[in-house]
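Assemble the complex: chain D is given as a structure, and chain E must be docked to it using the hints.
So the sequence lines, in the order shown, correspond to chains D and E. Quick note on UniProt numbering: the first sequence kicks off at 1 and runs consecutively. Quick note on UniProt numbering: the second sequence kicks off at 1 and runs consecutively.
It should be emphasised that the hints constitute simulated quantities derived from the structure, not laboratory data. Note that CB positions come from ideal geometry on N, CA and C, so glycine has one too. Take these hints with a grain of salt, some might be off.
[Unchecked claim] Distance condition first, Cα-Cα at most 20 Å in a straight line; then the derived SDA-like pairs of lysine to any residue:
{"hint": "1", "chain 1": "E", "residue 1": "K120", "chain 2": "E", "residue 2": "Q171"}
{"hint": "2", "chain 1": "E", "residue 1": "K137", "chain 2": "E", "residue 2": "K172"}
{"hint": "3", "chain 1": "D", "residue 1": "K29", "chain 2": "D", "residue 2": "D107"}
{"hint": "4", "chain 1": "D", "residue 1": "K156", "chain 2": "D", "residue 2": "D107"}
{"hint": "5", "chain 1": "D", "residue 1": "K227", "chain 2": "E", "residue 2": "G221"}
{"hint": "6", "chain 1": "D", "residue 1": "K172", "chain 2": "E", "residue 2": "L223"}
{"hint": "7", "chain 1": "E", "residue 1": "K137", "chain 2": "D", "residue 2": "R138"}
{"hint": "8", "chain 1": "E", "residue 1": "K142", "chain 2": "D", "residue 2": "Q73"}
{"hint": "9", "chain 1": "D", "residue 1": "K142", "chain 2": "E", "residue 2": "R138"}
{"hint": "10", "chain 1": "E", "residue 1": "K172", "chain 2": "E", "residue 2": "T22"}
{"hint": "11", "chain 1": "E", "residue 1": "K29", "chain 2": "E", "residue 2": "K129"}
{"hint": "12", "chain 1": "E", "residue 1": "K79", "chain 2": "D", "residue 2": "N65"}
{"hint": "13", "chain 1": "E", "residue 1": "K142", "chain 2": "D", "residue 2": "F224"}
{"hint": "14", "chain 1": "E", "residue 1": "K142", "chain 2": "D", "residue 2": "R138"}
{"hint": "15", "chain 1": "D", "residue 1": "K79", "chain 2": "E", "residue 2": "P80"}
{"hint": "16", "chain 1": "E", "residue 1": "K142", "chain 2": "D", "residue 2": "Q173"}
{"hint": "17", "chain 1": "E", "residue 1": "K137", "chain 2": "D", "residue 2": "G141"}
{"hint": "18", "chain 1": "D", "residue 1": "K218", "chain 2": "E", "residue 2": "I226"}
{"hint": "19", "chain 1": "D", "residue 1": "K227", "chain 2": "D", "residue 2": "N187"}
{"hint": "20", "chain 1": "E", "residue 1": "K211", "chain 2": "E", "residue 2": "E53"}
{"hint": "21", "chain 1": "D", "residue 1": "K208", "chain 2": "D", "residue 2": "F224"}
{"hint": "22", "chain 1": "E", "residue 1": "K211", "chain 2": "E", "residue 2": "I183"}
{"hint": "23", "chain 1": "D", "residue 1": "K156", "chain 2": "D", "residue 2": "P99"}
{"hint": "24", "chain 1": "D", "residue 1": "K54", "chain 2": "E", "residue 2": "K142"}
{"hint": "25", "chain 1": "E", "residue 1": "K8", "chain 2": "D", "residue 2": "S51"}
{"hint": "26", "chain 1": "D", "residue 1": "K136", "chain 2": "D", "residue 2": "I174"}
{"hint": "27", "chain 1": "E", "residue 1": "K208", "chain 2": "E", "residue 2": "D151"}
{"hint": "28", "chain 1": "E", "residue 1": "K79", "chain 2": "D", "residue 2": "Q73"}
{"hint": "29", "chain 1": "E", "residue 1": "K136", "chain 2": "E", "residue 2": "F159"}
[Unchecked claim] Cβ-Cβ distance ranges computed for the label pairs, FRET-style:
{"hint": "30", "chain 1": "E", "residue 1": "E100", "chain 2": "D", "residue 2": "S160", "range": "55 to 61 Å"}
{"hint": "31", "chain 1": "D", "residue 1": "N31", "chain 2": "E", "residue 2": "G221", "range": "30 to 36 Å"}
{"hint": "32", "chain 1": "E", "residue 1": "Q171", "chain 2": "D", "residue 2": "E123", "range": "44 to 50 Å"}
{"hint": "33", "chain 1": "D", "residue 1": "Y70", "chain 2": "E", "residue 2": "L192", "range": "33 to 39 Å"}
{"hint": "34", "chain 1": "D", "residue 1": "N178", "chain 2": "E", "residue 2": "E48", "range": "49 to 55 Å"}
{"hint": "35", "chain 1": "D", "residue 1": "E123", "chain 2": "E", "residue 2": "N178", "range": "47 to 53 Å"}
Protein chains: 2
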Amino acid sequence: MATLQNIKVAVDAVVFGYKDKTLNILLIKRNIAPYKNSWALPGGLVLENESLEKAVERELKEETNVTVDYLEQLYSFGKPDRDPRNRVVSITYFALVKPEHHTIKADTDANDVAWFDINKLPELAFDHKEIINIAKKRLQGKLTYEPIGFDLLNTKFLFSDLEKLYMTILQKQIDRRNFRKKILSFNILEELDERVSEGRGRPANLFKFNKKQYFKHKKDGFLFDIK
Amino acid sequence: MATLQNIKVAVDAVVFGYKDKTLNILLIKRNIAPYKNSWALPGGLVLENESLEKAVERELKEETNVTVDYLEQLYSFGKPDRDPRNRVVSITYFALVKPEHHTIKADTDANDVAWFDINKLPELAFDHKEIINIAKKRLQGKLTYEPIGFDLLNTKFLFSDLEKLYMTILQKQIDRRNFRKKILSFNILEELDERVSEGRGRPANLFKFNKKQYFKHKKDGFLFDIK
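Only chain D is shown next, with the shape it has when bound in the complex (with noise of 0.2 Å):
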């Protein structure tokens, strides 16, 4: 095998937050040269003998302070000049979740951590934002088949503030009734007795997503589809 290649690999996660009713990034504000002070993606290079997702999960820990329950691959980014000091391949990892269960801290390579508002995003190390936007992209799929949405939110939710994440994230207005019918329609929501009142509206239930029942129906063939 030539032992010429000397191209390093590293990994970078986009982790999302739904917070303040805007999607969230996790963005760490590097202490090392190059982009020193500039804010980007929590990663860092693959050590010798762990796995790739294994490497995104110390790094997230080590610079954010952030655990996260599932991973999934985005996809890699190679172009030879990349990165200035060396030429480095980053595969790219995102990841959900609900910013309220965990307390952000910077360390190691990170002289700062914090959630940005993914429409306010300061300037970028390396290539992290063209990541952001293809991470974005793959989100805004997936929302439509499958029920991601429900990783976002808080365990107990109005039907409006689904409504509500849908349209931020999808970046678009939707039919409010044919989505209330559609997403009803699937069985996978439990309407609670516990009742809130939004803003000036008439008091309205709480929902949970009923994980379970939606395994279940997907067993059975069941396809998730907002289109």
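Okay, now just chain E, sitting in the frame of chain D:
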């Protein structure tokens, strides 16, 4: 940057071809260890200054003499022990070709090259069986939301050829009447004046895929969808 990391970066290609009414994959017979004389996906290490896509194109050309029009990144495989020599992360791609348009010829690391029916694959080197399984799932998925089936058929085809292709790749029966109605409603096929008979049936008209029309529809918001 840590210089201790000694992970190599390779690319591998899953090239699909539709041939004799079966879904085929292009494989090479390795002439170097490990897995010498085993069949494997075409691929190899990325050169220092070439993009990942260029690396796939070069390896395909060198090992199989096949030139592809379109490559799509599939997934990156990085288990620490997937190559017995050294840790190698493989970034995999898939492509669709019409086998009769290519004269395959082995060279460099390959001492043979051949098309294999996906249901009759030989023993494969490394984790290439797993890579093919993931590529097959991706192809099955894409077939339902993009008109990629036409990239696998002859330019002129019978409607029954298209039906057969869908049934072969999706590995299930389709409701022929609904399928025909749906596909024709998309208004992306041209029915030609040429007629041919298949088997003992009545002569039937040939069709052609109108790619220009498809892209026009797509721009207007049309979604190809065969579920």
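Outcome of the hint check:
1. E/K120 with E/Q171: holds (14 Å)
2. E/K137 with E/K172: holds (14 Å)
3. D/K29 with D/D107: Holds, because 10 Å separates the two Cα atoms, which is no more than 20 Å.
4. D/K156 with D/D107: violated (33 Å)
5. D/K227 with E/G221: Since the Cα atoms of D/K227 and E/G221 sit roughly 12 Å apart, the hinted pair holds (cutoff 20 Å).
6. D/K172 with E/L223: holds (17 Å)
7. E/K137 with D/R138: The given pair, whose Cα atoms are some 17 Å apart, holds under the 20 Å limit.
8. E/K142 with D/Q73: holds (18 Å)
9. D/K142 with E/R138: Roughly 14 Å between the alpha carbons, so the hint for D/K142 and E/R138 holds.
10. E/K172 with E/T22: Within the cut-off at roughly 13 Å; holds.
11. E/K29 with E/K129: The given pair, whose Cα atoms are some 14 Å apart, holds under the 20 Å limit.
12. E/K79 with D/N65: Cα-Cα ~25 Å, so violated.
13. E/K142 with D/F224: holds (17 Å)
14. E/K142 with D/R138: holds (14 Å)
15. D/K79 with E/P80: violated (23 Å)
16. E/K142 with D/Q173: violated (27 Å)
17. E/K137 with D/G141: Given pair E/K137, D/G141 holds - Cα atoms ~17 Å apart, limit 20 Å.
18. D/K218 with E/I226: Answer holds: D/K218 to E/I226 is near 19 Å, not above 20 Å.
19. D/K227 with D/N187: holds (17 Å)
20. E/K211 with E/E53: violated (24 Å)
21. D/K208 with D/F224: At roughly 17 Å apart (the allowed maximum being 20 Å), D/F224 and D/K208 satisfy the hint.
22. E/K211 with E/I183: holds (14 Å)
23. D/K156 with D/P99: holds (15 Å)
24. D/K54 with E/K142: Since the Cα atoms of D/K54 and E/K142 sit roughly 29 Å apart, the hinted pair is violated (cutoff 20 Å).
25. E/K8 with D/S51: holds (14 Å)
26. D/K136 with D/I174: holds (18 Å)
27. E/K208 with E/D151: Distance of about 11 Å is within 20 Å: holds.
28. E/K79 with D/Q73: Distance of about 14 Å is within 20 Å: holds.
29. E/K136 with E/F159: violated (23 Å)
30. E/E100 with D/S160: 55 to 61 Å: holds (57 Å)
31. D/N31 with E/G221: 30 to 36 Å: Given range 30 to 36 Å: violated, Cβ gap about 46 Å.
32. E/Q171 with D/E123: 44 to 50 Å: Cβ of E/Q171 to Cβ of D/E123: about 49 Å, so the range 44 to 50 Å holds.
33. D/Y70 with E/L192: 33 to 39 Å: Given range 33 to 39 Å: violated, Cβ gap about 49 Å.
34. D/N178 with E/E48: 49 to 55 Å: With a Cβ separation near 54 Å, D/N178 and E/E48 satisfy 49 to 55 Å, so the hint holds.
35. D/E123 with E/N178: 47 to 53 Å: At roughly 52 Å between Cβ atoms, E/N178 and D/E123 fall inside 47 to 53 Å, so the hint holds.
Hint compliance for this structure: hints 4, 12, 15, 16, 20, 24, 29, 31, 33 are not met, and every other hint is.
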